[in-house]
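Chemist: When you get a sec, could you build the whole thing from the sequences and use the hints?
Number of protein chains: 2
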Amino acid sequence: MDFSIRAANVDDCKDIARMIMELAEYEKVSDHVKVTQKGASCSSSDSRLSPGTSDADLEQDGFSKNPFFHGIIAEVPEQHKTKEGHTKIGYALYFYAYSSWSGRAIYMEDLYVMPEFRGKGVGKALMSKVAQLGLAAGCHQLNFAVLDWNKPSMDFYLSQGCFDITDTMGYHCLRCEGEALKHLAQL
Amino acid sequence: MDFSIRAANVDDCKDIARMIMELAEYEKVSDHVKVTQKGASCSSSDSRLSPGTSDADLEQDGFSKNPFFHGIIAEVPEQHKTKEGHTKIGYALYFYAYSSWSGRAIYMEDLYVMPEFRGKGVGKALMSKVAQLGLAAGCHQLNFAVLDWNKPSMDFYLSQGCFDITDTMGYHCLRCEGEALKHLAQL
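These protein sequence lines map, in sequence, to chains S and F. Counting from 1, one number per residue, gives the positions in the first sequence under the UniProt record's numbering. Counting from 1, one number per residue, gives the positions in the second sequence under the UniProt record's numbering.
No wet-lab data here; the hints were simulated from the structure. Every value quoted in this text rests on a predicted model; they were computed, and no experiment measured them. The C-beta atom is built at its ideal place from N, Cα and C for all residues, glycine as well. Careful, some of the hints might be misleading.
[Said to hold, decoys possible] The following residues of chain F were derived to be distant from chain S, with all beta-carbon distances above 12 angstroms:
#1 Val10
#2 Lys14
#3 Pro77
#4 Glu78
#5 Glu84
#6 Gly85
#7 His86
#8 Lys88
#9 Ser100
#10 Glu116
#11 Arg118
#12 Ala137
[To be verified] Partner residues aside, some chain F positions facing chain S, computed with beta carbon under 8 angstroms:
#13 Ala97
#14 Pro115
#15 Tyr157
#16 Ser159
#17 Phe163
#18 Ala180
[To be verified] Derived list of chain F stretches under chain S, where covered just means 3 residues or more per stretch with a C-beta under 8 angstroms from a C-beta of chain S:
#19 24–37
#20 107–114
#21 166–177
Modeler: Shown next, in the form of structure tokens:
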């Protein structure tokens, strides 16, 4: 299938927000998603220096100075657009991370391909691009998370040589948010 | 106990490397650790534009332009130094991350206090500082990983209002590295 992979820009935020919601529906967590294409209170060009909105504001968080993430887009030619008119049919978000054991790492936050375009190599091409970007930046690891019921994705990742460090090394992911996070900060 | 928390600087890398190794010994993974205070081939001031070394090079990776991580240090006054002469007795490393569901996040890569200074609030003060830094940058989540056998740490985190998203939501951490990562990048 004819498709291309390119770096995301601010004009892609509407489609990224649409696909984040589609992915969340697939992951059965759409009620958890607070992403918006654009927040109302963007005032600083440096996202680390602005308070942010209460939700995920893709334009401010990904396309200001010191962005919190980067993105890549999979796109098909106009003649292969969906019946809704979409040509942006997949995406991956990533950011740079660090392991004190092994150094530079890249974290893939999302990998998504619209259902009607699956099985054609788009997902693998997106993931391969993230791996390329990581290696180019001197990263030794590509890390990401998978929900345990999502066996098709898990099988795909294991077939690519990835391994489950929760199963093999006992890694558990912990989170602090909301009132607990505010309380923790008030030492 | 009298101690202070401050941002780490490049002069702390020797002590951070020492404590990373101490933490790895506690976590029983010291044979996995490839951290060095300083690599041999540092040529660019922007860490994202330099190839990096094969190992974790704290000075280059954390204290160049576009660092891969940030750090904070817990320090005691000279009169409380250890018998080996150390006044830097704890640290945390962190970096900014992103959740496409809920937006800006901060990831705590390491939290360590030297054994003889535990139980005096140093660990909680370090973690609180990371929470403060995250909230100041508009983050909604503090994320980190714990090894499942490390019950003292797990109990501490749960007592602080953190929750285990591996247990409650089925999050599994996956990793691609080494030859598998190179192969993935060669699509």
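Chemist: None of the hints should be skipped; say for each whether it holds.
Modeler: Hints versus structure:
| no. | hint | in the structure |
| --- | --- | --- |
| 1 | Val10 | holds, 16 angstroms |
| 2 | Lys14 | holds, 14 angstroms |
| 3 | Pro77 | holds, 20 angstroms |
| 4 | Glu78 | holds, 24 angstroms |
| 5 | Glu84 | holds, 21 angstroms |
| 6 | Gly85 | holds, 23 angstroms |
| 7 | His86 | holds, 18 angstroms |
| 8 | Lys88 | holds, 15 angstroms |
| 9 | Ser100 | violated, 5 angstroms |
| 10 | Glu116 | holds, 21 angstroms |
| 11 | Arg118 | holds, 16 angstroms |
| 12 | Ala137 | violated, 5 angstroms |
| 13 | Ala97 | holds, 6 angstroms |
| 14 | Pro115 | violated, 18 angstroms |
| 15 | Tyr157 | holds, 5 angstroms |
| 16 | Ser159 | violated, 11 angstroms |
| 17 | Phe163 | holds, 6 angstroms |
| 18 | Ala180 | holds, 3 angstroms |
| 19 | 24–37 | holds (count 6) |
| 20 | 107–114 | holds (count 3) |
| 21 | 166–177 | holds (count 11) |
In summary, the structure is inconsistent with hints 9, 12, 14, 16 from the numbered list given earlier, while agreeing with the others.
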